[in-house]
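Protein chains: 4
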Amino acid sequence: MKDQPPSSITDNQSELLLLVTGGTLDKNYNALSGELEFSSTHAPQMLSQANASLHSVQTLMLKDSLDMTQADRKTIAEACIKALQQKIVITHGTDTMTDTAHYLKACPELADKVIVLTGAMRPFMLGDSDASFNLGTAIMAANLSENGVYITMNGIRFEADDVCKNKSLGIFERLRR
Amino acid sequence: MKDQPPSSITDNQSELLLLVTGGTLDKNYNALSGELEFSSTHAPQMLSQANASLHSVQTLMLKDSLDMTQADRKTIAEACIKALQQKIVITHGTDTMTDTAHYLKACPELADKVIVLTGAMRPFMLGDSDASFNLGTAIMAANLSENGVYITMNGIRFEADDVCKNKSLGIFERLRR
Amino acid sequence: MKDQPPSSITDNQSELLLLVTGGTLDKNYNALSGELEFSSTHAPQMLSQANASLHSVQTLMLKDSLDMTQADRKTIAEACIKALQQKIVITHGTDTMTDTAHYLKACPELADKVIVLTGAMRPFMLGDSDASFNLGTAIMAANLSENGVYITMNGIRFEADDVCKNKSLGIFERLRR
Amino acid sequence: MKDQPPSSITDNQSELLLLVTGGTLDKNYNALSGELEFSSTHAPQMLSQANASLHSVQTLMLKDSLDMTQADRKTIAEACIKALQQKIVITHGTDTMTDTAHYLKACPELADKVIVLTGAMRPFMLGDSDASFNLGTAIMAANLSENGVYITMNGIRFEADDVCKNKSLGIFERLRR
Chain A
1 MKDQPPSSIT
11 DNQSELLLLV
21 TGGTLDKNYN
31 ALSGELEFSS
41 THAPQMLSQA
51 NASLHSVQTL
61 MLKDSLDMTQ
71 ADRKTIAEAC
81 IKALQQKIVI
91 THGTDTMTDT
101 AHYLKACPEL
111 ADKVIVLTGA
121 MRPFMLGDSD
131 ASFNLGTAIM
141 AANLSENGVY
151 ITMNGIRFEA
161 DDVCKNKSLG
171 IFERLRR
Chain B
1 MKDQPPSSIT
11 DNQSELLLLV
21 TGGTLDKNYN
31 ALSGELEFSS
41 THAPQMLSQA
51 NASLHSVQTL
61 MLKDSLDMTQ
71 ADRKTIAEAC
81 IKALQQKIVI
91 THGTDTMTDT
101 AHYLKACPEL
111 ADKVIVLTGA
121 MRPFMLGDSD
131 ASFNLGTAIM
141 AANLSENGVY
151 ITMNGIRFEA
161 DDVCKNKSLG
171 IFERLRR
Chain C
1 MKDQPPSSIT
11 DNQSELLLLV
21 TGGTLDKNYN
31 ALSGELEFSS
41 THAPQMLSQA
51 NASLHSVQTL
61 MLKDSLDMTQ
71 ADRKTIAEAC
81 IKALQQKIVI
91 THGTDTMTDT
101 AHYLKACPEL
111 ADKVIVLTGA
121 MRPFMLGDSD
131 ASFNLGTAIM
141 AANLSENGVY
151 ITMNGIRFEA
161 DDVCKNKSLG
171 IFERLRR
Chain D
1 MKDQPPSSIT
11 DNQSELLLLV
21 TGGTLDKNYN
31 ALSGELEFSS
41 THAPQMLSQA
51 NASLHSVQTL
61 MLKDSLDMTQ
71 ADRKTIAEAC
81 IKALQQKIVI
91 THGTDTMTDT
101 AHYLKACPEL
111 ADKVIVLTGA
121 MRPFMLGDSD
131 ASFNLGTAIM
141 AANLSENGVY
151 ITMNGIRFEA
161 DDVCKNKSLG
171 IFERLRR
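Residue numbers (our numbering), protein chains in the order written: chain A, 1 to 177; chain B, 1 to 177; chain C, 1 to 177; chain D, 1 to 177.
Each hint should be verified, as a subset may be incorrect.
Stated by the list, open to error - From chain C, some residues computed to sit far from chain D (all C-beta separations above 12 Å): (1) A31; (2) S33; (3) G34; (4) T59; (5) T69; (6) C107; (7) E146.
Unchecked claim - The list that follows gives simulated cross-link-like pairs (lysine-lysine, DSS-like), each with its CA atoms no further than 30 Å apart: (8) B:K167 - B:K63; (9) D:K167 - D:K105; (10) D:K167 - A:K63; (11) A:K63 - A:K105; (12) D:K63 - D:K167; (13) C:K167 - C:K82; (14) D:K82 - D:K167; (15) B:K167 - C:K63; (16) C:K82 - B:K63; (17) A:K165 - A:K105; (18) A:K82 - A:K167; (19) D:K105 - A:K167.
These aren't lab readings, by the way, just hints derived from the structure by calculation. Predicted model only: the values in this text are computed from it and were never measured. For each residue, glycine too, the CB sits at the ideal point set by N, CA and C.
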């Protein structure tokens, strides 16, 4: 902790970048096809609901996380490296969120950034969703955490190397209890 | 920071207490009277939506914060002092949220607790609300902050003595820019 | 019935006029004032949700029906008289909906029109509302009824002179059982 | 018209039966599977929102209408025949709603009933849905129509033998313009 510059823990949200990659959070129902699909990100609407609209939002892709490839993860990592902001929140599908977290943690160029991944179990546009709560936790974790890669789900901040999705319960859990 | 015990910054949410005092967040529309009223708190429903249901929830009162008295603030402070939990989130009306934050900050018995107040500009039950986002930020701030009294609104964590509500914009701002 | 022209009972909705006068149906929560207020009508959004967008929509006023005067009722009657359409649905506050229905029924110039008043007990924009259901019943009653003045609430079509609002239950009832 | 018994056009809703067969209207998102699924019908909740709770509700099946067989249609017809009520509303998937309407229209035992089929393009539980509007139109059409089999969608009442679904637009249209 003593090696961190004081600015690494700050409330200043103006420097936060929101990277959108898709996932359940951004899906919506297509009434013509009867399928859940991506059209555009709803992150700006979520930030606007909370009057938290100072953040930069960049849509990298809109993908189901089961369809994400290592090439996609490289794209995400490069966007994080290029970002002027030190604090980055990434919205991501839950099924491979931990894989992307591991990938980012392994990038030495990202050692001086705070990166927080989050997502949702129910799409924002379908109501009764966990999306806004989770986005709130991720933004706050990005504001208050030391450099590193984290996941926030279920109101908990997890370290990238100490978390897995419990698919039968639909929640995230620590590996080490 | 060096004087803080290690447990003061932790992800362990099981020790978090949610104190409900009312405010816009918990109001709902009464179809018979045509008025916004309190019936019961919706905090458990909000936590359940996010699968973040491990928290203890205690309803102290359901009051519009404009109706809050110093006696009410004393009740809130006493509940915080009695709480077994070190981390406490308080849902509160936005109009006098800073007054209650000042009151709690002035209690020497609360110096070893993390207390985060939050609320909403639009009731949770009316849809398109900031309530879930704000509750997410408050829980994460309680998990990640050093001892002290804070307000989280608009995705920002404010110190109790450095925040005011801008009533014409409907947002919270720092006193010192 | 034999005096009615055949066109008085038809499915042709293209000739239906929707007159907006306000009422709970169109209120929304103002986050700055903390009050329920009118900004604009949500009738087009309701029709669009149902892909029933062929109707003409005309906003006459946005008033709480408790504030409606006889001058307002005259304005509504004149709009009905001037309307090219034979079928007219009027959205209206529930508290004086029956007064306006009586006023319109007493206009001999409206004897060759179908006029259906409806409203809502909970605003459309607050979710969990009866507004869309009620608008659906009113449009269908306008399409299928003989000339006359009606109210549709709670899935029932009432004659203008055989209905009252039961304010303690929040429902509409017939005078003659 | 003169051959109809007076009871065939009435506002008395207490004799209306609501038969649930499934369809998009009753689907919901399963957060664990990420799929749209049936759990139970939401028709009682829709009626309750509109304070129109006097109807009898009977769930026959919860099926995507693309999966409906002739055996299912026979089950629906038998339920209509057995029903004590003369007025029947059937919620049904939109893709084969016209097939079921044709099937029912061909049943001579149903010649003295009013049967109205309706459904939704977007599930009720996903918000921004056409379900409540459509249910309102169907109940009103059942209350106001002469004996026969009808479909109500998009605010229009269609005769069973004069309607098709335009799948590219997501609306229902008359065959004969």
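Verification of the hints:
For A31 (chain C), the condition that its CB be more than 12 Å from all CB atoms of chain D holds, with the nearest at approximately 20 Å. With a least beta-carbon separation of about 26 Å from chain D, S33 (chain C) lies farther than 12 Å from that chain, consistent with its non-interface assignment. Even its closest Cβ contact with chain D, about 24 Å, leaves G34 (chain C) beyond 12 Å, as expected for a residue assigned away from the interface. Its beta-carbon lying about 19 Å from the closest one in chain D, T59 (chain C) satisfies the requirement of being farther than 12 Å from that chain.
Distance check for T69 (chain C) against chain D: the nearest CB is about 28 Å away, which clears 12 Å, and the non-interface claim stands. For C107 (chain C), the condition that its CB be more than 12 Å from all CB atoms of chain D holds, with the nearest at approximately 23 Å. Under the 12 Å C-beta cut-off, the non-interface status given to E146 (chain C) relative to chain D is violated; the minimum distance is some 10 Å. Simply put, K167 (chain B) and K63 (chain B) have alpha-carbon atoms about 19 Å apart, close enough for the 30 Å limit, and the pair holds.
Only pairs whose Cα atoms come within 30 Å are accepted, and K167 (chain D) paired with K105 (chain D) is accepted, the gap being roughly 23 Å. The hinted pair formed by K167 (chain D) and K63 (chain A) meets the criterion: a straight-line CA distance of about 26 Å does not exceed 30 Å. Proposed proximity of K63 (chain A) and K105 (chain A) is supported: the alpha carbons are some 21 Å apart, at most 30 Å. Of the supplied pair hints, the one linking K63 (chain D) and K167 (chain D) holds, its CA atoms being roughly 19 Å apart against a limit of 30 Å.
Distance restraint check for K167 (chain C) and K82 (chain C): the Cα-Cα separation of roughly 33 Å exceeds the 30 Å cut-off, and the hinted pair is therefore not satisfied. A hinted pair counts as satisfied when its Cα atoms are at most 30 Å apart, and K82 (chain D) with K167 (chain D) does not qualify at roughly 33 Å. A hinted pair counts as satisfied when its Cα atoms are at most 30 Å apart, and K167 (chain B) with K63 (chain C) qualifies at roughly 26 Å. Pair hint K82 (chain C) plus K63 (chain B) does not hold up; C-alpha atoms about 50 Å apart against a cutoff of 30 Å.
Proposed proximity of K165 (chain A) and K105 (chain A) is supported: the alpha carbons are some 18 Å apart, at most 30 Å. Between the alpha carbons of K82 (chain A) and K167 (chain A) the distance comes to roughly 33 Å, so the proposed pair goes past 30 Å and is violated. For the suggested pair K105 (chain D) and K167 (chain A), the alpha carbons sit about 47 Å apart, so the restraint of at most 30 Å is broken.
Hint compliance for this structure: hints 7, 13, 14, 16, 18, 19 are not met, and every other hint is.
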